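Single-letter residue listing:
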Amino acid sequence: MDLRASLKLLAVVLVVGGAAAAGQAAAARLRRRPRELRQLQTALHVLRTEVDWGMTLLPEALARAGRCVAGPAAELFAATARVLTVGDGRGAARAWQQAVEEIGPATSLAPEDREALLALGACLGASHREDQLRHLDLCLERLARAEVEARERAATEARLYQQLGLLGGLLVALLAL
Amino acid sequence: MEAALAREVLAFLAPSLRRVLAGAKGGAPWLEVRLGIGRPLLVVTAAGDAFLAPDGRAVTDPERAYQVTEDDVRRTVELMSGSSLYALDEELRQAFLTLPGGHRVGLCGRVVVRGGSAYALRDIVSLNVRLARQVPGAADAVLPWILGEDGLPVSTLVISPPGAGKTTLLRDLARQLFRGRPDLGCPGLRVGVVDERLELGGGGRGGPALDLGPRTDVLEGCPKAAGLVLLVRAMGPQVVVTDEVGRPEDVEALRDAARMGVRLLASAHAGSAAEAAVRPVLRDLLADGCFGRLVRLGCSRGPGTVEEVRDASGGVLYRRGEGRAGRWPAWTCARP
Numbered sequence: 009m010d011l012r013a014s015l016k017l018l019a020v021v022l023v024v025g026g027a028a029a030a031g032q033a034a035a036a037r038l039r040r041r042p043r044e045l046r047q048l049q050t051a052l053h054v055l056r057t058e059v060d061w062g063m064t065l066l067p068e069a070l071a072r073a074g075r076c077v078a079g080p081a082a083e084l085f086a087a088t089a090r091v092l093t094v095g096d097g098r099g100a101a102r103a104w105q106q107a108v109e110e111i112g113p114a115t116s117l118a119p120e121d122r123e124a125l126l127a128l129g130a131c132l133g134a135s136h137r138e139d140q141l142r143h144l145d146l147c148l149e150r151l152a153r154a155e156v157e158a159r160e161r162a163a164t165e166a167r168l169y170q171q172l173g174l175l176g177g178l179l180v181a182l183l184a185l
Numbered sequence: 028m029e030a031a032l033a034r035e036v037l038a039f040l041a042p043s044l045r046r047v048l049a050g051a052k053g054g055a056p057w058l059e060v061r062l063g064i065g066r067p068l069l070v071v072t073a074a075g076d077a078f079l080a081p082d083g084r085a086v087t088d089p090e091r092a093y094q095v096t097e098d099d100v101r102r103t104v105e106l107m108s109g110s111s112l113y114a115l116d117e118e119l120r121q122a123f124l125t126l127p128g129g130h131r132v133g134l135c136g137r138v139v140v141r142g143g144s145a146y147a148l149r150d151i152v153s154l155n156v157r158l159a160r161q162v163p164g165a166a167d168a169v170l171p172w173i174l175g176e177d178g179l180p181v182s183t184l185v186i187s188p189p190g191a192g193k194t195t196l197l198r199d200l201a202r203q204l205f206r207g208r209p210d211l212g213c214p215g216l217r218v219g220v221v222d223e224r225l226e227l228g229g230g231g232r233g234g235p236a237l238d239l240g241p242r243t244d245v246l247e248g249c250p251k252a253a254g255l256v257l258l259v260r261a262m263g264p265q266v267v268v269t270d271e272v273g274r275p276e277d278v279e280a281l282r283d284a285a286r287m288g289v290r291l292l293a294s295a296h297a298g299s300a301a302e303a304a305v306r307p308v309l310r311d312l313l314a315d316g317c318f319g320r321l322v323r324l325g326c327s328r329g330p331g332t333v334e335e336v337r338d339a340s341g342g343v344l345y346r347r348g349e350g351r352a353g354r355w356p357a358w359t360c361a362r363p
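Chains A and B are the protein sequences, given in the same order.
One point on numbering: in the working numbering, the residue at position 37 of the first sequence is 45, and numbering is uninterrupted.
One point on numbering: in the working numbering, the residue at position 159 of the second sequence is 186, and numbering is uninterrupted.
To be clear, the hints were calculated from the coordinates, so they are not data collected in a lab.
Don't take each hint at face value.
Claimed, not checked - Estimated spans, in silico, between C-beta atoms of each pair:
id, chain 1, residue 1, chain 2, residue 2, range
1, A, GLU68, B, ASP82, 33 to 43 Å
2, A, ARG142, B, GLY273, 26 to 36 Å
3, B, SER327, A, CYS76, 32 to 42 Å
4, B, PRO214, A, HIS53, 52 to 62 Å
5, B, GLY341, A, THR93, 33 to 43 Å
As the list claims (entries may be wrong) - Covered stretches of chain A (chain B as the covering partner; in silico rule of three or more C-beta atoms under 8 Å from a C-beta of chain B):
id, stretch
6, 108-118
7, 128-138
8, 169-177
Claimed, not checked - Here are some chain B residues pointing at chain A (derived, C-beta under 10 Å):
id, residue
9, PRO42
10, LYS52
11, ARG101
12, SER110
13, SER111
14, ALA114
15, ASP116
16, PHE123
17, GLY142
18, GLY143
19, SER153
As the structure is a prediction and not an experimental result, all values here were calculated from the model.
Glycine residues also receive a C-beta, built at the ideal position from the N, C-alpha and C atoms.
Using the sequences and the hints given, assemble the complete structure.
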């Protein structure tokens, strides 16, 4: 095989491999979102219990909720708890908002998921128990709906993205040849 | 502001208020700090009220005072509640909360009413931080009048208008009775405290912060009626101390405790013996002979002035200017 043919083959492999990897990444992102939404709900359920039955103070309640899950949800709860424990006067709403913004790029959450979290953060710890429970339930409901939708999308679209990536790569390679 | 109080209270105020209060120097000891949205920052001192300018100087013109903002109040409430208003439902229903160190914060805002009673407090617009103090020796002027021949105190009700030092007196009574006063024939006694609003012991996170005696049993946050029974049955105290008697259910619990041979030291709001006699709850207790002494405090010579001591029949044992009791040691000697 001469050098030109070898280079062509290498280019084809790179194009097809790259496109397939991009498809895989998009699919993985779709599959990660329901998992992250589930983790957030688990942590929020723990927080809800702490608020409802434990009457635990928010920094400790957030820290406990964070310890019960993994992934970005754990970081969101732990980071907010850290800021409130230091007590630099930032307040729960601002600490939560900053934590949501910080974990944002590292997650697969959609903008509407972040919106639900930010809406909860705006009133976190700032009202009586019943009101807090209502806000927590509302957020849990929004995240649960988002999870159902995310699972459906992951089931139908994840393979599509994988195949599109691979086929797109092959098409580009064929056209280039 | 005194250093010890500053350490305890400033951390719970919004940063902009901290700066103003930290700049205040000298002057009479502070009793209260009052904040309200859109209102001048006010401190109540032993020498009267004073507004604080943005640099902390005391001024008389409210226009030149630091004007408290909505953000100041919001942040202060958040810091005082540990970002957890939901954990203070019971306290907010009664429009107060207690900071570590026993400093009581009165709150005003919009009350949510359900079933005819206060369900929650929201949209808080003003706060009144009442600074708790320990005044060792505050009970010196009262003890000789309330100790019986058996060395035990006679059950005593302390009355006064708000801010005259009832809680400070009860706190020192608990401390001194626990430790004993051999010079007055009083051995150390088993003292129990029902501290419903965490004011006597200054509790909260970490238990009582103020000195009520090293092993005094303190039941924190428990309604008086239930707490009195619990404490008497569980801990067997000789003396029970409780603050601010006023609800109908308190009457039966106090009567019950008195029948069990426990000596009671309690306080209530009333400006005079005559006022106490027409408040239904106090009238019942006094008529029953639950209390053998009625001590009236006032502010005629500063907070903590013992104005009058009466016996169970209403006879005056002491009246200021006529007897040997008097005012406590000055407020100023309380803390560095």
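Hint check results:
Take GLU68 of chain A and ASP82 of chain B: their Cβ atoms lie about 38 Å apart, and the range 33 to 43 Å holds. Take ARG142 of chain A and GLY273 of chain B: their Cβ atoms lie about 33 Å apart, and the range 26 to 36 Å holds. Here the CB-CB span from SER327 of chain B to CYS76 of chain A is close to 60 Å, at odds with the stated 32 to 42 Å. Range check, PRO214 of chain B to HIS53 of chain A: Cβ separation about 56 Å, and the 52 to 62 Å hint holds.
Between GLY341 of chain B and THR93 of chain A the beta carbons are some 55 Å apart, a value that contradicts the proposed interval 33 to 43 Å. Residues of the stretch 108-118 of chain A with a Cβ under 8 Å from some Cβ of chain B number 0, which does not satisfy the need for three, so the listed coverage is violated. A stretch counts as covered by a chain when three or more of its residues have a beta carbon under 8 Å from one of that chain; for the stretch 128-138 of chain A and chain B the count is 7, and the coverage holds. Using a Cβ-Cβ cut-off of 8 Å, 0 residues of the stretch 169-177 of chain A lie near chain B, which falls short of the minimum of three, so the contact claim is violated.
Interface restraint check: PRO42 of chain B against chain A, minimum CB-CB distance 5 Å, threshold 10 Å, status holds. The beta carbon of LYS52 of chain B comes no nearer than 24 Å to any beta carbon in chain A, farther than 10 Å, and the hint placing it at the interface is violated. Interface restraint check: ARG101 of chain B against chain A, minimum CB-CB distance 8 Å, threshold 10 Å, status holds. Look at SER110 of chain B: its Cβ gets to within about 4 Å of chain A, closer than 10 Å, so that hint holds up.
The beta carbon of SER111 of chain B is positioned within 10 Å of a beta carbon in chain A (closest approach about 4 Å), and the interface hint is therefore held. The beta carbon of ALA114 of chain B is positioned within 10 Å of a beta carbon in chain A (closest approach about 4 Å), and the interface hint is therefore held. Proximity of ASP116 of chain B to chain A holds as hinted, the smallest CB-CB distance being about 5 Å (cut-off 10 Å). With a least beta-carbon distance of about 15 Å to chain A, the hint placing PHE123 of chain B at the interface is violated under the 10 Å criterion.
Because the closest C-beta pair between GLY142 of chain B and chain A is about 14 Å apart, greater than 10 Å, the hint is violated. Annotation: GLY143 of chain B was flagged as interfacial toward chain A, and the flag is violated, the nearest CB pair being 18 Å apart, outside 10 Å. Below 10 Å, beta-carbon pairs count as interface contacts, and SER153 of chain B has none with chain A, the closest being about 17 Å; its hint is therefore violated.
Violated hints, listed in ascending order, are 3, 5, 6, 8, 10, 16, 17, 18 and 19; each of the other numbered hints is respected by the structure.
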